[in-house]
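Fit chain B to the known structure of chain A by using the hints.
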Amino acid sequence: MTAKIRNALTSLLLAAITAGCASNVTLPPPTIPVPLMEKIPITVGLRMPKNFYSFVHQEETYGRDEWSIDLGNSNAAFFTQLFGFMFNDVKLLKVADDPALMNIDALVEPSIDAFEFSTPSQSRADAFAVWVRYRIKVFDRDGNQVANWPVSAYGKSSTEGINDSESLQRAAVLAMRDAAALMIMKLDAETGISALAARESPAVMPAVAPVTTDDESDTGIQTTAMEDEPDDAS
Amino acid sequence: MTRVKRLTGMLGLALLGMALSGCITSRVEDARIGSTGIEDGESVVIMAKSYHLGNETEEKYISCVEDALARGKDGLKIIPHRQFVDSLFPWFEPRTAPAETKNLPRLMQRPGVADRIAEQRVRYIIWLDGDTERVAGGGSLSCAAGPGGGGCFGFAWWQNDADYNASVWDLQNMESDGTVSTDVSGTSFLPALVIPVPLIARTQSKACKALATQLHAFITSENA
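Order-wise, the sequence lines are chains A and B.
In case it helps, the working numbering puts the first sequence at residues 18 to 251.
In case it helps, the working numbering puts the second sequence at residues 998 to 1221.
Keep in mind the hints are simulated off the structure, nothing from the lab.
As the structure is a computational prediction, the values presented were derived from the model and not from experiment.
Errors might be hidden in some of the hints.
To be verified - Subject to a maximum C-alpha distance of 27 Å in a straight line, what follows is the list of computed DSS-like cross-link-like pairs (lysine-lysine):
1. B/1074 / B/1203
2. B/1099 / B/1206
3. B/1046 / A/203
4. B/1206 / B/1074
5. B/1099 / A/203
6. A/111 / A/67
This is chain A alone, in the form it adopts within the complex (with noise of 0.2 Å):
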C-alpha cells in the first residue's frame, strides 16, 4: 500500500516538472466608467480591424514560463464603448460598408500597433505591467487622412491578494483605462477631429477611406499625428 503511495506521488511530481508552465488568461470585456467630459458634437464612424475581436498576445520568459492573454473582443468592445462617451454618435462600419454613404463626419480607424506585458519573474518586482500601443487614423468624409496619432499606455496591477491571472487581467484593464483616458485628454487636440464637422459635404463624394488592414498598420509608415492636416473648409 506505501509503496503504491509512494509511486503515485512520485508520478504526479514527474508530471509537474515535465509539464512545463504554461498560464492562459481570458480577458472579459472591460468597462470604463462614464466619463466626466462634454462630448464632442459630431457623428463618427467607427471602423475596427479583424483583431479587435479576437486578439491573442503570448509571451515566453526566459523559457520558463509561457504567458498568453486573450483578449477576445475587448478592444472592440473597449473602442466602441469609449466612442459612445467621447462623440453625439457612433455608427459602427463593417468593413464593407461606404463611408461616404454613412452620413458621418468623420471615421475613424483604430489599430493595434503593439502589446506587451511584463511577469513578476521578469520584473523581479510582485506585479504584471501591460503596455499597449494603438494607432488611431482619421478621415474626413471625402476619405482623406487627417490624422494618424499613436496612443501608448501602461498598467500595472500587483500579485497582491490575488492570484496571477487577476492580476495580468486588471494590468490590461488598467492599460485599457490609461488609453481611455489619454484620449479623451488629447484626441481632439492631436487629431483636429471636432472640425471636421464644419466641413461641407461635396455633391458627388469621390472617395472611399480605404480599409487599413492589419498589415498595413504594422508597417507603421506614419508615426506622428496631425502629419495631414486637414484642408480649410470649402
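Just chain B now, kept in the frame of chain A:
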C-alpha cells in the same frame, strides 16, 4: 487558586506572544503647513501617488489605512479610493491625477468635477507615497525529509523597511495642509531546531497603524 492559575496562563501566553514576534522600531513625524479640521458628513479619500511616477504603494496598505482611519467611534468617513476614481473618471487616473495643489483650480473647472466632489462631500485627499521593502537578510536554514520523518535546522533572518509619506490636500481651500511620514524597520527571525519557529515582525502593519493614528490626529485637530 484556579483564578491565579488562569492569570498565570494568560500572562504566559502574552509573554510567549511578545517573544514570538520580531523586533520593530518606528518613527512618525508630521509637518503642518495649514490649519485642518473636519465637520460631520465630510469625507476623506486615501489615494496612492501615480505608478507612472514610479510610486509602488501597495493596494493592501491603502486599504489598511482606510480601515484604520474609519475605525472606532471617532472614525472618519472614508470614500473608498476606487469608488472615488471611478466617479471622477478620467481625472484621477495614474496619468491624469493632479500632481500638485496648484493644478486643483483647473481640475475643478472641468465639467462635472466640482459637483461630483461636492456630492461625496470630500474634504481631504491624502496622497500616499512609499512602500515596504526587504533591505537585508541572512542566515542559513535547511530542511530534509525521509521515510522516518523530517525536520529543519538553522537560522534565518531578514529586515523589512516600511517608509511611507502622506500628503494632506484640503479640497475646500485647494491647498496642502502638510505631510505625515512614517519610517518603520522590523527584523524577523526564523530559528529551526527540527521545527521552525517564525518570529515575524509585522512591519507594514505597524507602519499602517502608526500613520493612520497620526493622520487622524492631524486632520481632526484644529490647530494651525
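Residue 1206 of chain B paired with residue 1074 of chain B [C-alpha distance capped at 27 Å]: holds, 17 Å
Hinted pair residue 1099 of chain B and residue 1206 of chain B, Cα distance within 27 Å: Violated. Residue 1099 of chain B to residue 1206 of chain B sits at ~30 Å, over the 27 Å cutoff.
Within 27 Å, alpha carbon to alpha carbon, are residue 1046 of chain B and residue 203 of chain A? Status holds; Cα separation ~22 Å.
Please work out if residue 1074 of chain B and residue 1203 of chain B have their alpha carbons no farther apart than 27 Å. holds, 22 Å
Compare the distance between the alpha carbons of residue 1099 of chain B and residue 203 of chain A with 27 Å, and conclude whether the hinted pair is satisfied. holds, 21 Å
Check the hint pairing residue 111 of chain A with residue 67 of chain A against an upper bound of 27 Å on the C-alpha distance. holds, 10 Å
Of the numbered hints stated above, the single one contradicted by the structure is hint 2.
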